[in-house]
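A.B. asks: If you read the protein sequences in the order shown, they are chains A and B. For reference, each letter of the first sequence is one residue, going 0 to 117 in numbering that gives the first Met the number 0. For reference, each letter of the second sequence is one residue, going 0 to 320 in numbering that gives the first Met the number 0.
Keep in mind that the hints were calculated from the coordinates and are not lab data. For every residue, glycine included, the Cβ atom is placed at its ideal position computed from N, Cα and C.
Between beta-carbon pairs, the in silico distance windows are:
no.	chain 1	residue 1	chain 2	residue 2	range
1	B	A127	A	S106	42 to 48 angstroms
2	B	I115	A	N35	49 to 55 angstroms
3	B	P84	A	N35	38 to 44 angstroms
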Amino acid sequence: MRRSSVFGIFPLLLLLATGEASAHAMLDHAEPRVGNKVAASPHEVTLWFTQKLEPAFSTVTVTDPAGKQVDTGKVRVSGNQMSVSLRPGGPGTYHVTWRVLSVDSHSTDGSFAFQVGQ
Amino acid sequence: MDWFGAGGNGPLIAVRAIHFATTAVTAGNLVFRTLVVKPVSHFDPAAAKSLGTQTLRLAWIGLVITLLSGAIWLVLQAVSMSGLPLDEAMTPGVLSTVLSQTQFGMVTEIRFALAIVLAACLACHRSALADALALAAALGLAAAIAWSGHAGSTLGERGNLHLAADAMHLVAASIWIGGLVPLVLLLAASRHRPEVGSAALAREATRRFSTLGIVSVATLSATGVVNAWILVGSFHAFVVTGYGRLLIFKLVAFAIMLVFAALNRFRLTPRLAASTGNEARLDALHKLTRNSTIEIALGFVIFAMVGMLGTLHPAIHLVVR
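Turn these sequences into a full structure, and let the hints guide you.
C.D. replies: Below, the structure is given as C-alpha cells:
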C-alpha cells in the first residue's frame with residue numbers, strides 16, 4: 000500500500016473509532032414521570048418504550064421507600080407499553096426497575112425513581 | 000477495538016450472516032432458473048438443462064444450510080432473549096416460549112413451513128405449478144426475515160412502511176446477489192462451449208439478468224433510503240453510532256458492487272453481444288465472470304454486515320435528539 004493511502008485511511012479510522020453519543024434511550028417516558036413527585040401513591044406504573052415489546056421476556060418491579068416490593072407482579076404489555084398495578088403505599092421515594100425485550104430481540108434494562116407526597 | 004459495539008455476539012452474527020446468504024442464494028437461484036434461463040433455453044437446450052440441474056442442486060444446498068443455520072439462530076436467540084446459559088436455554092420450556100410467545104418465534108415457525116413447502120416443490124420440480132410455488136415459497140422465506148428484525152418492532156404506520164420496505168429490500172437483494180451465483184456458472188460453462196447456440200444463451204441470459212439487476216438495484220436504493228430514514232434518522236447518527244458507521248461500510252460495499260455491475264451492464268454485455276470472433280467472445284465472458292464473482296464476494300461481505308447490524312441497537316435510538 001502506498002504511504003499516501005495509509006495517511007488517507009488514518010483519519011477515517013480515528014473517526015470510526017470514536018465513542019457513542021449517549022446511552023441507550025429505550026425508555027421513552029413513564030407515568031408517574033421519571034424523577035417527578037406525585038401527591039398520592041399511584042394505582043399503577045406505566046412505561047412507554049421506543050419499540051414494540053415481547054410480553055414473555057419483559058418485566059418491571061416497583062419498590063417502596065422501605066425497599067419492599069409494592070407491585071402486584073402481574074405485568075401487562077401491549078405494543079410498546081408496559082404497566083403494573085401497585086398496592087397502596089406511604090410517602091417517600093419509589094424505585095422502578097425494568098428489563099424488556101423488544102420484538103427485534105434486543106434486551107435492555109434500567110431503573111428510575113419517583114417521589115410520593117411530602 | 001470494538002468500533003460497532005457488537006462485542007460478544009460473534010456466533011449470532013456469523014449464523015445470521017450464513018442464514019441470510021443461503022436464503023438469498025436459494026431464492027436467487029430459483030428466480031434465475033425461472034425468469035432468466037427458461038425463456039431463452041431454446042438457444043441451447045442442452046446447456047440450459049445442465050444449468051437447470053445445477054441451479055436445482057444449489058437451491059437444495061442453500062435450503063439445507065438455511066434450515067440448519069435457522070435452527071442454530073433460534074437456539075442462540077433463545078439464549079439472548081432468556082439471559083440463560085446455552086445448556087439451560089436449550090430446554091423445551093424456553094424454546095417453546097420463544098417459539099410460541101415471541102414474534103421472532105412465530106416468524107421462525109412460518110418460515111419453517113415455507114421451507115417445507117419449498118422442499119416439497121423442489122422434490123417434484125417437473126411440474127410448472129411446483130416451480131411457481133417453489134419460487135413463491137423461496138421469495139417468502141427471504142421476505143419474512145423482515146418481521147424478525149428491526150422492522151418488526153417499529154411502531155405504528157411507520158412500522159408498516161418499514162416492514163414493506165425491508166421485505167422488498169430482502170427480496171431484491173436475494174434476486175441480485177443470489178442470482179449472480181448461477182450467472183457465473185452459466186458464463187463459466189459457456190466459455191467451454193463454442194457452439195453458436197451456447198453463445199446466444201449466455202448473451203440473452205446476461206441481458207435478461209442485467210434488466211433484473213437494474214430493477215433490483217433501484218428497489219434496494221429506494222427501500223434502503225426508507226430503512227435508513229427510520230433506523231438512523233440523521234447524518235449525525237450515521238457518524239457517531241456503531242450502527243451508522245457499519246451502515247456506511249455497507250453502502251461503500253454496495254457502491255463498489257454497483258461499479259462492477261455497471262461495467263458488466265454497459266460495457267461487457269454489449270461487447271459480448273457484438274463479438275463476432277471467438278477470442279473477443281471469450282474475453283468478454285472471462286471479464287463478466289470475474290466481475291460477477293467479485294460482486295458475489297462483496298455481496299457476502301454485505302450479508303456479514305447485515306448479520307451484525309441486526310444485533311445492534313438502531314442508531315436513531317442511541318443519539319440525543
